[in-house]
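Convert by adding 102 to the 1-based position in the sequence shown; the result is the number in our numbering.
Calculated directly from the structure, the hints in this document are not laboratory data. Mixed in with the good hints, there may be bad ones.
Just the calculated beta-carbon pair ranges, DEER-fashion [stated by the list, open to error]:
id : residue 1 : residue 2 : range
1  : LYS457    : LYS393    : 34 to 44 Å
2  : TRP322    : LYS457    : 44 to 54 Å
3  : LEU488    : PRO391    : 53 to 63 Å
4  : THR441    : PRO233    : 29 to 39 Å
5  : SER243    : THR220    : 18 to 28 Å
6  : THR206    : LYS393    : 46 to 56 Å
7  : ARG455    : PHE553    : 46 to 56 Å
8  : LYS393    : ASP225    : 53 to 63 Å
9  : ILE323    : ALA183    : 30 to 40 Å
10 : GLU394    : THR206    : 44 to 54 Å
11 : TRP322    : THR153    : 15 to 25 Å
No experiment lies behind these values; they were computed from the predicted model shown. C-beta atoms are modelled at their ideal positions from N, C-alpha and C, and glycine is treated no differently.
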Amino acid sequence: MTESLPIRTRIAPSPTGIAHVGTAWMSMFDLALARQSGGQFLIRIEDTDRTRFVEGAEEKIYEAFKWLGLSYDEGGEKRGALGPYKQSERLNIYAEYIDQLVTTGHAYHCFCTQERLTQMREDQKTSGQLPKYDRHCRNLSAAEVNEKLNAGVPHVVRIKMPDEGVIGWEDAIRGHVEFDVKNVDDGVLLKSDGFPTYHFAVVVDDHLMKITHVLRGEEWISSTPKHLLLYTAFGWEAPIFAHMPLIRNADKSKLSKRKNDVSILSYRDKGYLPEALLNFIALLGWSHPNKEEIFSLEEFLNIMSLDRIQKTGPVFDSKKLDWMNGVYIRNLPMDELITRLQPFLPDDFPHDRMKQLLPLVLERLVTLNDIEELTSFFYRPIQVELQPLLKKSHAGEVQTQLIETLGAMSELVDWTSENLEQALRQLQEKHEYKKSQYFMMLRHAVTGREFTPPLFETMAALGKEVTLERLAHAQDLLTDTKTV
Numbered sequence: 103m104t105e106s107l108p109i110r111t112r113i114a115p116s117p118t119g120i121a122h123v124g125t126a127w128m129s130m131f132d133l134a135l136a137r138q139s140g141g142q143f144l145i146r147i148e149d150t151d152r153t154r155f156v157e158g159a160e161e162k163i164y165e166a167f168k169w170l171g172l173s174y175d176e177g178g179e180k181r182g183a184l185g186p187y188k189q190s191e192r193l194n195i196y197a198e199y200i201d202q203l204v205t206t207g208h209a210y211h212c213f214c215t216q217e218r219l220t221q222m223r224e225d226q227k228t229s230g231q232l233p234k235y236d237r238h239c240r241n242l243s244a245a246e247v248n249e250k251l252n253a254g255v256p257h258v259v260r261i262k263m264p265d266e267g268v269i270g271w272e273d274a275i276r277g278h279v280e281f282d283v284k285n286v287d288d289g290v291l292l293k294s295d296g297f298p299t300y301h302f303a304v305v306v307d308d309h310l311m312k313i314t315h316v317l318r319g320e321e322w323i324s325s326t327p328k329h330l331l332l333y334t335a336f337g338w339e340a341p342i343f344a345h346m347p348l349i350r351n352a353d354k355s356k357l358s359k360r361k362n363d364v365s366i367l368s369y370r371d372k373g374y375l376p377e378a379l380l381n382f383i384a385l386l387g388w389s390h391p392n393k394e395e396i397f398s399l400e401e402f403l404n405i406m407s408l409d410r411i412q413k414t415g416p417v418f419d420s421k422k423l424d425w426m427n428g429v430y431i432r433n434l435p436m437d438e439l440i441t442r443l444q445p446f447l448p449d450d451f452p453h454d455r456m457k458q459l460l461p462l463v464l465e466r467l468v469t470l471n472d473i474e475e476l477t478s479f480f481y482r483p484i485q486v487e488l489q490p491l492l493k494k495s496h497a498g499e500v501q502t503q504l505i506e507t508l509g510a511m512s513e514l515v516d517w518t519s520e521n522l523e524q525a526l527r528q529l530q531e532k533h534e535y536k537k538s539q540y541f542m543m544l545r546h547a548v549t550g551r552e553f554t555p556p557l558f559e560t561m562a563a564l565g566k567e568v569t570l571e572r573l574a575h576a577q578d579l580l581t582d583t584k585t586v
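Start from the sequences and build out the full structure, keeping to the hints where you can.
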């Protein structure tokens, strides 16, 4: 295959539930290969596994691509000349090619019942054999096959793997890979429900859609010999294969929805920025040539190369994603950030105060969804508790501090953060209050929290009336408890 020709790549997700972050990850590399060569990237929906099909999942896949800003040339609403791009709409095509394989002797009908297959595998497991089909139906005579077909006996169609030999290929990421065919099963190509398996449909579709490069996870390496044999049986040229490493959890297990949030749209709903998520997943198993951590999708598409993809599985580090999302949030122009925050603002948020409050919490925003938690004490009643109020002190001292603070603050005319800081620091030094205890107590008294934006800026944003009311409430709380 000539490398200089335009490259055609595809991503082929299954509509079995969520739109997986792994789909976005693989799509970025597919898209980069296609764009760099002036080629095309397409989406094909592999929905032949009807037992796992989930209504509405296909729409979620395209919704995720739209949110991420990942463009594609064919698939979905972009009808190309080589469609349809949904496997359930291509059954007549598969039937034609299945017949061709059976006629040429590269595939055969298998009438084994599920009960027989289960027992066969149990026997193999007991005897320590490699679990694989025992080829019971492989040598049925034509008369026996026709008799069963005419009788309507349920059946599948299996590939006829060679008895011996080696099948190998040059993988664009892993170099030379080969398998002894005696370890490769006569896998099912067409199921009893008339739908093709992945192994058959992917070969037919990739050929007919003129796919030149196939990027997929390393779990498909062991299936590649079957696919190559099908290409040979049809007399077709195989694409270039590139088997990507598996993304893993921190414990090195395969990234899955049981242990991690792997839904693209879930990250959207939690307030992650699409550009941050794309930047993060681009660095899973791939490194920027200049060791950059922050870069745009456009830059990635221009500089990505398969030779910088590692073979070992990268770890999905959620903490790094949080850090990166915070960086992207703080790099947004203020007006753009305010626009992005709109879906995450509670109904009672004081929109007219946004430009006053946002700078106070900006450094602590990890996701857009944090905005309510970080700002709610500015516009909602707070809960002051004794334990943090009396931390590192006792009720008598704290009550005295609050009385003195209320007196000093009541006389403050120009209510700015600078004046507040000056007045409160003078008060602290005059009475020799322990600095950490005093300011920590004030923070809790006016916010109900131990961790907030800078204290003086917070008090300035709360305003004089609210601040004094909260200080007085804290003093009343101590009086009511009669704690000594």
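Results for each hint:
1. LYS457 x LYS393: 34 to 44 Å: Since LYS457 and LYS393 have Cβ atoms about 36 Å apart, the given range 34 to 44 Å holds.
2. TRP322 x LYS457: 44 to 54 Å: 51 Å, holds
3. LEU488 x PRO391: 53 to 63 Å: For LEU488 and PRO391 the Cβ distance comes to about 57 Å; the hint holds.
4. THR441 x PRO233: 29 to 39 Å: 56 Å, violated
5. SER243 x THR220: 18 to 28 Å: Distance hint for SER243, THR220 holds at roughly 26 Å.
6. THR206 x LYS393: 46 to 56 Å: The hinted range 46 to 56 Å holds for THR206 and LYS393, with Cβ atoms some 53 Å apart.
7. ARG455 x PHE553: 46 to 56 Å: 21 Å, violated
8. LYS393 x ASP225: 53 to 63 Å: For LYS393 and ASP225 the Cβ distance comes to about 55 Å; the hint holds.
9. ILE323 x ALA183: 30 to 40 Å: 32 Å, holds
10. GLU394 x THR206: 44 to 54 Å: 52 Å, holds
11. TRP322 x THR153: 15 to 25 Å: With a Cβ separation near 20 Å, TRP322 and THR153 satisfy 15 to 25 Å, so the hint holds.
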